[in-house]
Amino acid sequence: MANETRGATDVLSRARTWLGTFDGSLIGLCVASVAVAFVAGLLQVSFGAYSMTILEAWQAVFDPKVLFSVRAWQSFFFGTELPELPKRTLIVWNIRMPRVIVAVLAGMCLAVSGAIFQAVTRNELASPFVLGVSSGAGLTVLLTLVLFSSLAPFLPLFAAVGGSIAFLLVYMIAWKGGTSPVRLVLAGVIVNMVFTSLQRGLFFFADDLGVVQSALAWITGSLTGVGWEEFRIAVIPTLVATLLALAGARQLNLLLLGEETASSLGMSVERVRFMLSAVAILAASTAISVAGIIGFFGLVVPHIVRLIVGSDYRRLLIGCVFVGPALMVVADVGARLALSPAQVPVGVVTGVVGGPYFLYLMRRQEQMGEI
Amino acid sequence: MSQDNSNTDGIATANDTAAGSQSSRRDRPLVGDDVVLSYSGTDEPVIDGESITAEPGAVTALVGPNGSGKSTLLKGLANQLRPEAGSVLLDGQDIQTLDTKAIARKLGLLSQESTSPNSITVEDLVYHGRYPHRGFFDSVTEEDEAAVERAIDLAGCGHLRDREVGSLSGGQKQLAWIAMVLAQDTDVLLLDEPTTFLDLHHQLEVMEIIETLRDESDITIVVVLHDIEQAARLADRMVALKDGEIQARGQPEDVVTERLLADVFEIEAEVSVTPHGPRINPIRARHDGDEHAADDDSTGAERAEEVVAE
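Chains as they are written, first to last, in the working numbering: chain A, 671 to 1041; chain B, 16 to 325.
If we strip away everything but chain A, and leave its shape as in the complex, we get:
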């Protein structure tokens, strides 16, 4: 009995701690993100080769034949057969909607991954891309596609393996009794270069143009043609990685105080870093395995969130979980509809928009590097 009440107050006080992290700026950010993602998602499902009005799109989105159909949801989540649906509903729910949802997952993964890497390395310039994780994962994904195409269902796993190898390489090169932001970035650039060259080399081993084209889409990062299958691949790792990241927020906060302080407070710094890096690699690999290498995203999104809510990782990660998806959906709307009927890979959009924005941040901030 006493135990129960203690458990209850414990839960209550924990809920209070987390609720306490929601201040005005964070709530505003989350609400705005949801609104932006919603509007962009609606645009995404409304427009396209098969044209329909916004009203028709709305009706299709809220079609009770899908919303209240167990079979439809079973088909989305478990890949069983889809029930018979009207054409508009089918297009919205089977082609356009999964793309929006996968964009949400990929955006969440990349933002969370970048945020973790930035704390683990205490480096504002860190991201899965800079630390070589993306190019390592990309290489193994390409290897799988080009040489072992029968192993395609295990893509996220291979991507994670490749990402981990690249990250360890970067860390080993940069390690000299400790690492510094600059050395990490430099090591990342070198490993990236090697892995990118290997990726290019692989193109020459591809048998047909189709493989080359899909490989190219991978390398630039594209959500074209993703469906519920990609959703099923990504949803569990995304949730796991995000929850683990949120659970580790206090550890991340302590890492920001520097290795010396963290270890004098009793943290096994290397072990915690290693485990949190594993979470970040899982998140990045998940995004890469369904959407390819989307550059700049994991770097820029945590920055934007940090500018608004500050560097407390409880708030920062919650912000990333909302802002990442919103920006990814918006970027994908741009990728799909801006040059309609032609589509560009979403990685092109994030690169073209994210690069200059990052430069702007660099100019505005006097110091960049260590958090």
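Bear in mind the hints are in silico, worked out from the structure with no lab data behind them.
Cβ coordinates follow ideal geometry from the N, Cα and C atoms, glycine included.
Where hints are given, some of them may not hold.
Here are a few chain B residues that sit away from chain A, every Cβ distance over 10 angstroms (derived from the structure) [claimed, not checked]:
no. : residue
1   : A73
2   : P80
3   : A100
4   : T112
5   : G173
6   : H174
7   : R178
8   : Q187
9   : H217
10  : Q218
11  : E220
12  : I224
13  : E273
14  : H302
Simulated restraints on C-beta separations [said to hold, decoys possible]:
no. : chain 1 : residue 1 : chain 2 : residue 2 : range
15  : B       : E164      : A       : S695      : 18 to 28 angstroms
16  : A       : R1034     : B       : D303      : 49 to 59 angstroms
17  : B       : F212      : A       : V704      : 44 to 54 angstroms
18  : B       : A117      : A       : V1022     : 49 to 59 angstroms
Reference excerpt, derived from the structure (chain A facing chain B, CB under 8 angstroms, subset only) [as the list claims (entries may be wrong)]:
no. : residue
19  : L924
20  : L926
21  : G928
22  : E930
23  : T931
24  : S933
25  : L935
26  : G936
27  : S938
28  : G980
29  : D982
Mind docking chain B on chain A? Use the hints.
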């Protein structure tokens, strides 16, 4: 009871013959036994086999010129640097065998340079001091809150608690960091040059915090100080290092002598005894080949022994 007394006596007389002997938990909170410390990448150890005992419930000050190894010794005592040989005993147990969080519940360390994100508030920073007392999924308990309140109160930074650390002056920052280690609620506290780079007001403020801790709790403090006069005024015991070797140890008035200043700090100075402890009036820097003020024959080690013998 009588056993307790004899132990205390033992420490007072046989200063720093170091561990090995029966060290009861209360009387030997922190002992470095013949420790050899070096940094990776260098051949020569910085500290080559020195022993040190922190006097329980008192303030021990480590002094010495730049590069004398005083901060290194402190790092070794705090388990931040693994000794190549010898051992560090915390409450009589080899610190290497203890869990890192268990160590951090008993021993707090304030490093010389602490960095933090600018946007963290003082209160949040102080709460980090509770890290070793909390499990991975534990939420804040009343005990944590009480410890944080006590620490903020003791460090006198209540008026700063909602300020962002990035907006504070160097002295205010140091108070916030001191509050953080105080929130750790440890029996042993190691401070690495807590007053360096602070203005006089904050230097005195930090010294007052240390004095309060000594007078009102039985916390054991080891502090590295740059300013030898300040150290003499603050400490119950002083340990002077040069080139990684302990040259002298004992009561401040025994350690701070003109001869020691010449040998260890390479300065010529006048030392006068005042009610506030020894007062140093530096005259000039000594250079190699200078005539020694006192008799020049005895080596530094012998002199150290003389000092201890006194």
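Verification of the supplied hints:
1. A73: 22 angstroms, holds
2. P80: 23 angstroms, holds
3. A100: 20 angstroms, holds
4. T112: Fine: 15 angstroms to the nearest Cβ keeps B/T112 off the interface.
5. G173: Its Cβ never comes within 10 angstroms of chain A, the nearest being 20 angstroms, so this holds.
6. H174: The claim holds: B/H174 sits with its nearest Cβ about 21 angstroms from chain A, beyond 10 angstroms.
7. R178: 13 angstroms, holds
8. Q187: 17 angstroms, holds
9. H217: Its Cβ never comes within 10 angstroms of chain A, the nearest being 20 angstroms, so this holds.
10. Q218: 22 angstroms, holds
11. E220: Consistent with the label, B/E220 stays out of reach of chain A, its closest Cβ about 21 angstroms off (over 10 angstroms).
12. I224: 18 angstroms, holds
13. E273: The claim holds: B/E273 sits with its nearest Cβ about 37 angstroms from chain A, beyond 10 angstroms.
14. H302: At roughly 35 angstroms from the nearest Cβ of chain A, B/H302 sits farther out than 10 angstroms, so the non-interface label holds.
15. B/E164 - A/S695: 18 to 28 angstroms: Hint holds: Cβ distance 27 angstroms, inside 18 to 28 angstroms.
16. A/R1034 - B/D303: 49 to 59 angstroms: 53 angstroms, holds
17. B/F212 - A/V704: 44 to 54 angstroms: 47 angstroms, holds
18. B/A117 - A/V1022: 49 to 59 angstroms: Given range 49 to 59 angstroms: holds, Cβ gap about 53 angstroms.
19. L924: With Cβ-Cβ at 6 angstroms, under 8 angstroms, it holds.
20. L926: Interface hint status for A/L926: holds (5 angstroms vs cutoff 8 angstroms).
21. G928: Hint on A/G928: holds, closest Cβ of chain B at ~5 angstroms, below 8 angstroms.
22. E930: It holds, given that the least Cβ distance between A/E930 and chain B is near 5 angstroms, below 8 angstroms.
23. T931: 6 angstroms, holds
24. S933: 6 angstroms, holds
25. L935: OK, holds: A/L935 within 8 angstroms of chain B, min 4 angstroms.
26. G936: The hint holds - A/G936 has a Cβ within 8 angstroms of chain B, the shortest such distance being about 3 angstroms.
27. S938: Status holds, d = 5 angstroms.
28. G980: Result: holds, 4 angstroms to nearest chain B Cβ.
29. D982: Given a least distance of 7 angstroms, the restraint on A/D982 holds.
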